[in-house]
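**Student:** Heads up: the sequence shown begins at 19 in the working numbering, then just goes up one per residue.
Don't take every hint at face value.
Quick list of in silico lysine to aspartate or glutamate cross-link-like pairs, EDC-like style, CA-CA up to 16 angstroms [unchecked claim]: (1) LYS167 with GLU89; (2) LYS45 with GLU202; (3) LYS295 with GLU384; (4) LYS45 with GLU198; (5) LYS167 with GLU195; (6) LYS174 with GLU202; (7) LYS174 with ASP140.
Hints listed in this document are in silico derivations from the structure and should not be mistaken for laboratory results.
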Amino acid sequence: MPASFTSFYFLCFYTFILLIYYLIPRKTQWVFLLFASAAFYLLTGNGLLILYPAAACLTAYGAVRVMAGTEDVKKRRWALAAALLLLIGALVVLKYINFGIYTINAAAFLCGAQGEMIGVFDFLVPLGISFYTFSILGYIVDVYNGIAKPQKNFFKTALYGMYFPSILSGPILRYREDGEQFFEPHPFGYRQVTFGLQRMVWGFFKTLVISERMNIVVNTVYDNYTAYPGSYIWIATICFAFQLYTNFSGSMDIVLGMSQTFGIRLPENFETPFFSKNISEYWRRWHISLGVWMKEYVFYPLLRTNMFMELGKKLRKKFGKKRGKQLTTFLAMLILWFTVGIWHGGDWKFVIGSGLLHWFYIVSGELLAPFFRKCMEKLSIDAKSKWVDGFRVLRTFFLVNIGFVFFRAASTTDACRMLASAVGVWNVGDLLRGGIFTLGLDVIETVIAIVSLLLLLAVSLLHQKGSVRERIEKKPVLFRFALWYALLFYIILLGHYGPDYSAAEFIYQGF
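Could you put the whole structure together from the sequences, leaning on the hints where they help?
**Tutor:** And the structure:
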């Protein structure tokens with residue numbers, strides 16, 4: 019079975035699971051979900067890979083049982099340290115060891131060495147390793163800190179770590195908020211099931227109708243970028259922004275909708291991020307669960323370490339209280355954003371495009387804020403006006419797109435070359451003479467893409483004012499059915515589907 023929520027086989031698998039879920043005794047629903055999660059893992063790849071998440075869950079179970087069974091601080095610390103070492107060690111070895119090897123070989127080459135100093139490894143990486151590792155790590159740390167109750171049942175721990183809807187592309191879970199609901203009995207509710215199915219349909223619209231069309235344009239330009247002028251590169255990059263957003267947020271709609279049909283509510287992972295007015299706000303609205311996890315388990319603990327507290331004292335003494343505190347925070351943020359970047363993949367293009375570049379944006383924004391504030395005051399510009407907000411949204415979207423060039427390019431070198439081309443010759447005339455229709459989409463396909471994007475924009479704007487599904491629910495029944503069936507027909511008619519078809523893998527699935 020393809021590891022994709024949009025494959026025909028997965029939809030059959032999910033339908034079967036949903037039907038059985040409400041036919042069995044409620045007390046056994048969590049057991050059935052555990053079997054379903056194990057079956058999903060076994061059916062979507064090398065069956066032995068299930069040993070990785072199973073071992074991670076066993077590590078968590080053992081660590082929290084030790085913590086729960088003793089008040090000895092040293093034993094609790096040893097249990098925490100051992101669990102963190104095993105889980106982070108497995109993640110680093112399986113996902114990032116080759117990144118370190120490539121970096122060492124590149125540094126050696128720059129120093130005059132010939133050939134590769136160290137050979138790379140070829141590992142089979144389990145599905146969703148970053149997602150389940152982070153969810154389990156957070157659970158262990160929360161138990162250690164006394165803010166989450168230790169789970170006494172290993173199989174319940176396994177369900178939390180291996181829950182099949184969230185294993186492919188998240189969201190990253192927090193046990194103290196999300197865990198216990200997996201084990202509670204869930205009676206059938208017409209509203210919760212229909213709301214869940216409606217959200218899944220919206221997710222299919224994003225992924226099958228929009229993301230797949232954007233993917234065609236992106237691949238056409240990025241796979242042969244030297245043949246295109248700057249204007250085409252910007253168009254392809256903007257298309258990639260919407261491809262990535264509709265792909266990832268669409269997968270979240272499917273995951274959250276699917277979970278809602280089971281009576282389980284998972285945390286939201288997106289909140290119309292392209293309406294953000296600055297980079298900090300963008301990361302509060304894009305991949306929300308990752309941002310929350312990084313702040314809670316990397317950034318704040320880092321600032322509380324003895325090293326950073328001592329460093330802060332020295333910097334405050336040398337540069338003053340305000341500037342010293344700011345410099346300490348910026349340094350901790352540098353480590354944070356490096357971690358965010360490398361989480362996305364073992365390559366410098368991810369470290370730069372999804373990490374360090376955003377650190378630079380935030381730090382420079384903080385440092386230049388007083389200057390820009392004075393400029394606006396001298397020019398008598400109302401900082402709260404709508405057109406200023408509009409400018410900020412466009413500026414943030416532009417900055418994010420620079421990072422997306424690194425994210426999508428084949429390498430850091432290619433990304434730099436593409437950005438150089440993007441500010442070079444634009445050849446807009448060729449674009450206006452029909453060149454845009456040479457990027458893989460003909461006139462009709464382009465119109466479908468634009469109309470679909472406008473529909474997405476309209477729904478996103480409505481969502482800013484509250485739940486769209488709840489507003490639709492208040493409409494007459496004929497209107498509701500006509501609307502949802504029209505959207506479903508739109509997907510079937512214009513999306514990519516079929517028994518042997520599987521949409522392009524969810525981009526975040528590899529993480």
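**Student:** Compare the structure with the hints numbered earlier in the document and write down the numbers of the violated ones, lowest to highest.
**Tutor:** 7
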